[in-house]
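Work out the full structure, taking the sequences as your base and the hints as a guide.
Chains as they are written, first to last, in full-length UniProt numbering: chain U, 1 to 77; chain C, 1 to 262.
By construction, these hints were calculated from the structure, which means they are not laboratory data. A virtual CB, placed ideally from N, CA and C, is assigned to each residue, including glycine. Careful, some of the hints might be misleading.
Computed spacing ranges between beta-carbons, pair by pair [said to hold, decoys possible]: (1) U:Ser41 <-> C:Val181: 39 to 45 Å; (2) C:Glu41 <-> U:Pro30: 45 to 51 Å; (3) U:Phe38 <-> C:Gly209: 36 to 42 Å; (4) C:Val221 <-> U:Pro30: 36 to 42 Å; (5) C:Gly209 <-> U:Leu37: 35 to 41 Å; (6) U:Ser19 <-> C:Glu41: 55 to 61 Å.
Per the computed footprint, the stretches of chain C lying under chain U, defined by three or more beta-carbons under 8 Å from a beta-carbon of chain U, are [what the hints assert, rightly or not]: (7) 107-116; (8) 125-136.
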Amino acid sequence: MAHAISSPTSISGAGSAPSDLVIPARELAPWLAFGALFAMSVLVLISSAQGAITIPEGTAIHEWVHDGRHLLGFPCH
Amino acid sequence: MSTRTFLVQGLVAGLLAGIAAFVVAYTVGEPQVDRAIALEEAAGATAADHEHSDDPAAGHSHDDEDAVVTRATQSTLGLATGTLAIGVVLGGLTGLLAAVGLGRLGGLRPAASTALVALLGAVSFSVVPFLKYPATPPAVGSGETIDNRTALYFGFLAVSVLAVLAAVAVARAAVRLWSGVPGVVAGAATYAVIVVVAALAFPKVDELGDFPAGLLWDFRVASLLTLLALWAVIGAALTVLVDRTWRQHDAVRARRELAASL
Ligand SMILES: [Zn+2]
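Here it is in structure tokens:
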């Protein structure tokens, strides 16, 4: 800390501006890409009917989360 | 304040939200689901050979004897699996989007920008899609149209989410051009126009038949309450966590500045 010699800041008290906190897009991109993919795969598993988009065979997952699908507003019956 | 912190806090908020949604869905929603299934089974019993019996892929078997998962499991562990999974996923995504919004939404501080992101998520992901394609109880809808209805629902959901992203971009540009209030108005108008046009363009789904209106209303209110509980807890918990992190971050920064000024 002693060598944080002279940062060109005004004397404290004003607080930081929100724009100082911006996280660069380059850093955000991989998180978003992975997050979106993961979210979509979970959505497909939870919401899939016994139609073409169900990946695993059978109806076990479909039946297991049946009530959640209805009450969370996803199409089911 | 890092992306990772936002993700972890979003997942925690989502877990809490999933628990809250389960409590609401179980207490308010399950009675309606049970009543609807009782109706469905009564209808199935009168129409001796229902389509279902020939084609097992066309519908569900809610009878306990031949069911893959019993009703007791569906309404407890099954329901909890659904609400927790959706809660964690939506909480995590909201956390990541709050990280994107950090410092980018006008002069909003971290707590306020996080709360705004959660509000936009609730509106675009749940409330508006519900208005176009409201939740339906068991016994409503035919097995032949389920693929089509699923595609329509997620198509409209995608339009709504993309529209809100476009609206935020428009609002930011308008804020730079003019100022805060016209910016917010321009953003809200962008979202409203896209979503209304899409709602008019997307086909209507009406497979209610003679399903009792009172039960339908009760079910839909329960479903909406479940979604609102989910989003309220995501928004509240994430805002509190982000605000706490920001205060710590700001205290450290203030101490560094003080040290530097000495
Ligand atoms: Zn169903």
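Tested hints:
no.	hint	verdict
1	U:Ser41 <-> C:Val181: 39 to 45 Å	40 Å, holds
2	C:Glu41 <-> U:Pro30: 45 to 51 Å	49 Å, holds
3	U:Phe38 <-> C:Gly209: 36 to 42 Å	38 Å, holds
4	C:Val221 <-> U:Pro30: 36 to 42 Å	41 Å, holds
5	C:Gly209 <-> U:Leu37: 35 to 41 Å	38 Å, holds
6	U:Ser19 <-> C:Glu41: 55 to 61 Å	60 Å, holds
7	107-116	holds (count 5)
8	125-136	holds (count 7)
Of the numbered hints given earlier, the model fails none.
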